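> Here is what each chain is made of, one letter per residue.
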Amino acid sequence: MKIRNITLVGAIVGLFIAAPVQAEQQQMKPISKAELWATTCFQCHGAEGQSAGGAIPPLAGYPADIMAQQLKAIKAGTRPSTIMKRHLMGYSDADIDAIATYLGSLKP
Amino acid sequence: MSKFNRRSLIKGLAASGIAFPVMSALQGCSAQPSKNTKPHVVVIGGGFGGATVAKYIKRFDRNIDVTLIEPKTEYMTCPGSNWYLAGLIDVKSLTHNYEALKTKHNVKVIHQIATDINAAAKSVTLDNGEVLNYDRLVVSPGIDFIYDQIEGYSEEVAEIFPHAWQAGPQTHLLAKQIQEMPQGGKFLMVAPPNPYRCAPGPYERISMVAAYFKEHNPTATIMILDPKKKFSKQALFYQGWQDLYGQMIEWYGAQDGATVTKIDVESKTAYSDFDEITADVINIIPAQKAGKIAFKAGLTNETGWCPVDQDTFESTIQKDVYVVGDSSIAGAMPKSGHSASSQGKMCAAAVVSSLNNLPMPETRNVNTCYSLISKDWGISIVGVYENRENRISGIKGAGGVSPMGMTQQERKMEADYARGWYKSITMDVWGS
Chain H
9 MKIRNITLVG AIVGLFIAAP VQAEQQQMKP ISKAELWATT CFQCHGAEGQ SAGGAIPPLA
69 GYPADIMAQQ LKAIKAGTRP STIMKRHLMG YSDADIDAIA TYLGSLKP
Chain F
618 MSKFNRRSLI KGLAASGIAF PVMSALQGCS AQPSKNTKPH VVVIGGGFGG ATVAKYIKRF
678 DRNIDVTLIE PKTEYMTCPG SNWYLAGLID VKSLTHNYEA LKTKHNVKVI HQIATDINAA
738 AKSVTLDNGE VLNYDRLVVS PGIDFIYDQI EGYSEEVAEI FPHAWQAGPQ THLLAKQIQE
798 MPQGGKFLMV APPNPYRCAP GPYERISMVA AYFKEHNPTA TIMILDPKKK FSKQALFYQG
858 WQDLYGQMIE WYGAQDGATV TKIDVESKTA YSDFDEITAD VINIIPAQKA GKIAFKAGLT
918 NETGWCPVDQ DTFESTIQKD VYVVGDSSIA GAMPKSGHSA SSQGKMCAAA VVSSLNNLPM
978 PETRNVNTCY SLISKDWGIS IVGVYENREN RISGIKGAGG VSPMGMTQQE RKMEADYARG
1038 WYKSITMDVW GS
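So the sequences go chain by chain: H and F.
Residue numbering for the first sequence follows the working numbering, beginning at 9 and increasing consecutively.
Residue numbering for the second sequence follows the working numbering, beginning at 618 and increasing consecutively.
Source of the hints: derived by calculation from the structure; they are not laboratory data.
Computed from a predicted structure; not experimentally measured.
Errors might be hidden in some of the hints.
Unchecked claim - Listed below are several chain F residues computed to face chain H (Cβ distance under 10 Å; list not exhaustive):
1) I763
2) Y764
3) Q766
4) I894
5) N973
6) P976
7) R1005
8) R1008
9) G1014
10) W1038
11) K1040
For each residue, glycine too, the CB sits at the ideal point set by N, CA and C.
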């Protein structure tokens, strides 16, 4: 009886004001490794991957598969770079895929 | 604002006429303790480390209250300050404020000095007597100077022979001395022993002073007396100095007996086993230790720096207190603004994970330091770091310095990237 009542209330609340209640009750998810590691890219490539106006290309919204492909080519030495090869040698191909996916998901 | 707290929810529901059953359910919820109290993080220090932590805690979890304690309302960065000495940029472009942190990221910023930390009571005392309670404390106080390693040197003497190793009035003083140096005069740098803030910084400074002299005082000479046997990016600096500044720059290290042990203000003389050197402008960059508050709070060990967990940056001495940036002992990472900001992000993730009872993601720190040898000649050093056997360690095969013998185009690209780096990192830390 009691349980059913709460379910009912939940349904009513959900019906009328779904979003805010959900936000209030939603447990935060663990911070992903890809997100945390990608935030260190911002230090050269601009906050949230958006250009700060310098010579270094922004990353937000860049198609993830192309970014991953290019990064792996830089890592392999088949695409020229200045410092990026030295960075990328510190990441596995799977890490590069995950970081590229995260950066590609950011709003340009 | 996206905030929608319980009180406004109840009000809204009451107004919409579906109040009763919903309210009773919500009141059931509110019996749970601490749901209404937001955790509070206090961050001491608004430089690259502290400002990053403050911003990124809010980025990862807006439901944590963050208070940043920083005495200055405007922060002038050390990175870029050498470029200012060469006249390449103005002070304005090196100066950042806290408005974006306040208005865009909802960080509470208090412009006071933190005078004391009570780790047992979990509180911080400010200069104005105010006491702040915290759930987690992050300390990012930068460096302090050791004045007693050179006889005759002191905090007062640093007003005559500036270090300019904390940007601000000291930078202006050194710039003025360089500009007013007599034609054909001598500039002497007394370089610091390891470990210190910004490993290639003294040698970038030499490059920038040489660039200034080449244009305004071409017969001037530069000497460096160094207590170290070698220094960061040495071969690259040497190549640049030789190509651009010819015989202007002389460097002597520990192997030459160039450790300065005594200074005489009156005669402007530096004494070492190498020689007695008299100069017109003397730039003494002294030995360094963790910022004052770290000592006061008992966060330092016998090295004069702060031991920390190599993933979370929590102090290994005080629970719920974290130390990032120059003051922390971060394994193989150099003390730099870039390192501090990287550490700040790892620390922010650690604090947010801890307050939410969530697992901490694996960490990976990075460092990128660009130096300018001239306006069109940049060089760089990179490090990528993992926690290996409880020490932040460089990943084998990654990192390293720019190659020798870069083309002019590559040197120019690295110089442009150096300026791009500055714009990006300062925007990431203070600007957006």
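> The structure should be examined with respect to each hint, and the outcome stated for every one.
How the hints compare with the structure:
| no. | hint | verdict |
| --- | --- | --- |
| 1 | I763 | violated (30 Å) |
| 2 | Y764 | violated (33 Å) |
| 3 | Q766 | violated (33 Å) |
| 4 | I894 | violated (37 Å) |
| 5 | N973 | holds (5 Å) |
| 6 | P976 | holds (5 Å) |
| 7 | R1005 | violated (12 Å) |
| 8 | R1008 | violated (16 Å) |
| 9 | G1014 | holds (5 Å) |
| 10 | W1038 | holds (5 Å) |
| 11 | K1040 | holds (4 Å) |
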